[in-house]
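Protein chains: 2
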Amino acid sequence: MITLYDMPLSGNCHKVRLLLSLLELPYQIQAVDLRGGEQRSPDYLQRNPFGQVPVLDDDGLIIRDSQAILVYLAKRYGGETWWPDDAYPLAQIASWLSTAANEVANGPAKLRVHLKFGSPIDTAVAGQTADKVLGIIDRHLQSRDWLVGDSISIADIAVYPYLALAPEGGIVIGAYANIVAWFQRIRAVPGYVTMPGMWQA
Amino acid sequence: MITLYDMPLSGNCHKVRLLLSLLELPYQIQAVDLRGGEQRSPDYLQRNPFGQVPVLDDDGLIIRDSQAILVYLAKRYGGETWWPDDAYPLAQIASWLSTAANEVANGPAKLRVHLKFGSPIDTAVAGQTADKVLGIIDRHLQSRDWLVGDSISIADIAVYPYLALAPEGGIVIGAYANIVAWFQRIRAVPGYVTMPGMWQA
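Chains as they are written, first to last, in my numbering: chain H, 128 to 328; chain R, 128 to 328.
Isolated chain H (complex conformation) (with noise of 0.2 Å):
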């Protein structure tokens, strides 16, 4: 059984419940307490040291970080659609998975939780992250429907979720059409799941 440690909240987590649902994989939840700081006890830093959801257990593998779990899950039950056996399409995912675990976390996902949650972030250099990310994405997609190849893959499921929660965070993501576009493709996908707070047309 695969059990996805969440919070209903997270984009991190919603890349994962996103895939789980694309992939049609049954789940259970197991909610963890943010505010109680369940995510600093000792039973969870023992499945992430870093103390963050999400977490998958698949049957008693424990993976830690959105992008890793993208990565397991696509391997080991999405096929060649989700995972390609070519060096060239494997690197230009890896490449946006890079993208998604620090330029568009450090820009449009903290701009967020700084509005949302009020943490205290230097917030002219996550805009400035964020100004350069979103236009080098939207120009990325002037041609294109994916962010890699012909079909959706965990490139586009790993960059999303905070794209499309940029609002939340101040941001006009309605200025950047390609990647509105973009937004309507993946939400046309068969099992596409959305969250609370996504930009909405």
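Simulated from the structure, these hints should not be mistaken for lab results. The structure displayed is predicted, hence computed values, not measured ones. Be aware that one or more of the hints could be misleading.
You can't tell identical chains apart in this list, so a pair holds if it fits in one copy or across any two.
As the list claims (entries may be wrong) - No farther apart than 16 Å at their CA atoms in a straight line, the calculated lysine to aspartate or glutamate pairs in the EDC-like style are these:
(1) Lys202 with Asp213
(2) Lys202 with Asp212
(3) Lys243 with Asp265
(4) Lys202 with Glu151
Keeping the supplied structure of chain H fixed, place chain R upon it in accordance with the hints.
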């Protein structure tokens, strides 16, 4: 022919130089003049819209991002030693690639670029990020020789350079005994190459 768009003092470039050397792959260096702003030229931005080094060009296949380049080289040239076929070790490797892209980049690497090149940063935030990630890695290595599995992987190579360069950011890396022991194991791997500024016993 493999071409590495490189800057000698970049730890991100060193990840790639190290793996190329361990794999005994011939390659040529194309130095990028970061001080002169070459990374912002239209020509370079075509290769990497983020305007960063390294970039790899393998007979016309262009890959940006140091973690993605490690994935590419491991998968294409490394055999199963460097690119396991099972989902679980792959996911564990991916989790450390995220750590390299985020916490290592925003902790020890940022402190170094600040002290060495004068980049303005929030030193308190970078210091906290560095303390946390170094503590986690040191405890992780308490009972293990390598970050993932029983031999060196691209997880080690992605995390290593900015930890070995941490003294240039004012970090007393010698205080982390398990990390230092891991440094020694990495340095004993046939084909190991170093770069200026790395911690010495």
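Against the structure, the hints come out as follows:
{"no.": "1", "hint": "Lys202 with Asp213", "verdict": "both (13 Å within a copy, 8 Å between copies)"}
{"no.": "2", "hint": "Lys202 with Asp212", "verdict": "both (10 Å within a copy, 9 Å between copies)"}
{"no.": "3", "hint": "Lys243 with Asp265", "verdict": "neither (25 Å within a copy, 34 Å between copies)"}
{"no.": "4", "hint": "Lys202 with Glu151", "verdict": "within (15 Å within a copy, 28 Å between copies)"}
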